[in-house]
Structure formats: C-alpha cells, structure tokens
Amino acid sequence: MNKLSRTLAALAGASLLLLAVSALAQSAKQPPAPPPPQSAPAPAVKGDRWLHIRVDGSAPKKEMVRVNLPIELAIKVLPAIHNEHLNNGRVKLSAQEMHDADLRVIIDAVRSSKDGEFVTVQSNEHDVRVAKQGGTLLIRVHEKKADKKEATHVEVRVPMKVVDALLSAGHDELDVAAALNVLAAQGDTELVTVKDGEQTVRIWLDGRNSSEEL
Amino acid sequence: MLLAKIALGIGGSVVLAGVYAFHEGALRVSVQEHRPDGAHFSLFLPAAIVPLAVHAVPRQELENAFRGDANALPLLRTLSKELKNYPNSDFVEVRDGEEHVRVRTRDGNLQIDVETPQETVHVACPLEMIDDLARELEVRSPAA
Chain A
1 MNKLSRTLAA LAGASLLLLA VSALAQSAKQ PPAPPPPQSA PAPAVKGDRW
51 LHIRVDGSAP KKEMVRVNLP IELAIKVLPA IHNEHLNNGR VKLSAQEMHD
101 ADLRVIIDAV RSSKDGEFVT VQSNEHDVRV AKQGGTLLIR VHEKKADKKE
151 ATHVEVRVPM KVVDALLSAG HDELDVAAAL NVLAAQGDTE LVTVKDGEQT
201 VRIWLDGRNS SEEL
Chain B
215 MLLAKIALGI GGSVVLAGVY AFHEGALRVS VQEHRPDGAH FSLFLPAAIV
265 PLAVHAVPRQ ELENAFRGDA NALPLLRTLS KELKNYPNSD FVEVRDGEEH
315 VRVRTRDGNL QIDVETPQET VHVACPLEMI DDLARELEVR SPAA
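Protein chains in written order, with my numbering: chain A, 1 to 214; chain B, 215 to 358.
These are calculated hints, taken from the structure and not from any lab test.
Where a beta carbon is used, it is the ideal one built from N, C-alpha and C, also for glycine.
It is possible that some hints are incorrect.
[As the list claims (entries may be wrong)] Here are the computed lysine-lysine pairs in the DSBU-like style, where the Cα-Cα straight-line distance is at most 35 Å:
#1 A:K144 <-> A:K62
#2 A:K161 <-> B:K298
#3 A:K62 <-> B:K219
[Unchecked claim] Residues from chain A shown here face chain B by an in silico Cβ test under 8 Å; the list is partial:
#4 N68
#5 H82
#6 S210
One chain only, chain A, in its complex shape (with noise of 0.2 Å):
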C-alpha cells in the first residue's frame, strides 16, 4: 500500500469517526428528563383486542383511571403469575366466597333456558334484571335514592361463551385465562357500565389501545 492509499484510508477512518462522535454528541445533549417529547399512541395493531377500564369521577376531585391492556398479553401473562389465589390462569374460589351456591349448576341452567328474563325484583331501593339475551347475560341493577342524582345503575354484560369458559375449570376454580381466550375472539363488547352520583365506571373491549373517546 503507497502513502496516498494510505493517507485516504487515515482520512476516511477519521471522517467516520468525526460523524460517530457527533451522532454520539447530539445523543448525549438530550437532557436526561423529562422523558423526551411524546408522540401519540399509535393506532393498535390489526387484530389486537384490548380490554379497557375507565373511571371518571366527579366534581371536585375528578378521579381519573384509565387502563388499556391488550388481552393478549394478559393471556400471555397471567400464566406466569403463581400467588394463593392465582395459578396457572385460574383463580381457586373458597367455599366462604361460593356462599354454599354451586355456581356451576345456577350456569347450567342459564345457559340450557332459551333467552327471557330469569330474575326481576323491584322494589322502593332496588330494580333487579337478570336475562339472557342472544346469547349474552345481562345484569342490570338499579339502587333507587331520594336524590336522583345520587341513583345508581350497573349493567354487565358477558358473553355466555365467556362464562361457560370462566367455569371451565373445576369446581372451585375459575379459569381466567381461558375466559380471556374467548373473550380475544369476541367483537367490541361493552361490558361493565356504573353509573352514580360520585362516578362513571366502563370496562369494554375493542380493537383500539386507546380509552379516549373517538
């Protein structure tokens, strides 16, 4: 190699060098907090479902919570959680919590009546709805108080293919992993609305990883 090749080769070398120290400079001039400027979340991912939780409190405090999980990682992630309660995705029911009730049994005769109305009370406090309807059971609840205001109203809605997959497990179990599972595969489903005088309660799922509204 002559001395020109190899005082081009020194220059190229030095060139790069010069362009990674200032790459490496214009890194290191980013103040260490706060976290640098936020995009937006992005739009989710075609066929990703994702659970969403928000609570919207009222005047003067104005609570807020909102949680956007993608059920495929709580699929994913749930099996790795090993407590008292929660194994491998299920959760072990006492009998103190089953209150003596053979749930499986009160599911069985749900799902195997044709959709009507199984439970209604209505009272001075309470309006109380159970029903099954194309193939979803529906709770809905209504505490009556003087102050309309101050009234609250809770409906649920879950799929019956999601209950079925809940108790699918055994007899104290519920398997929560395997409920997620068919839940994954269901459409947007609004599933847990409360409403009273002090907050808005809504867990749904859809296809955005965003809880605001559109």
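Since chain A is already given, all that's left is putting chain B on it; use the hints.
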C-alpha cells in the same frame, strides 16, 4: 505521526465503546422534590451496562431481594418481551386530585411518570434492557 495513530486508535475505541454502550438506549431516572431546598436527582445510564452491573451485586443480596417471590423474574421477562410487540400505548393513567401517575410505552421504552405535590418522578427504561436484566437476574438468582 505515531502519536496521531495512537490517538486515532484510542479515539476509535472510545467511540466504538460509546456506540455499543448506547445501542440499547439509555435508562433515565429523574426525581425532583417540590420544596424550597428540594433535591433534584438525575440518572442517565447506557442500558447495555445495567445487566452487566448485576455481576457486581453480591449473591447474598440477590437471594435476599428475591426471597419469597420466585415469580417476579419470569413475570418481568414475559412482560418486557410481550410489551415490545405493541405500539406506543398508554397502559395505566390515574389522576386523583393533584396526583398523576402514567405507565406507558414509547419507542421501545417503558415510561413511568409520577407527579405529586411533593415530587415529580420520571423513569424511562428500554424494554430490551428490562428483558436482559431479568434474564441476567434469573441466571444469577438462587433458584438457577
């Protein structure tokens, strides 16, 4: 001329080491106390060296840290591995009065931001680093 070559060699090695150290991004922690004489603590570390730092932790300390919670590391690994598959997302946000907590992912980083009247805390941690760290801890944990 010889001196220049040596300087070039050392400079090149430093640059390469720097580029390697930051190839996984950086762990950033910032704590700002909101009071007149409040402290402001900032940490900026190349993510690649954090799992290596585990080697410097005495085994006894690791045993103490993970005693009674053997699931933590597999859970952490699964979580970090899976979170990488999702786009930028806000996973948890809680606002209660003047307190505000956010857990989200941005560009391959897990970000935790806590704002209270007493202090502001920002943590940004590459998911790749959490995965590496959990793997390293698993290898060195007593159960391994």
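Please name the hints from earlier in the document that this structure breaks, with their numbers sorted from lowest to highest. Hint 3 alone not satisfied by this model.
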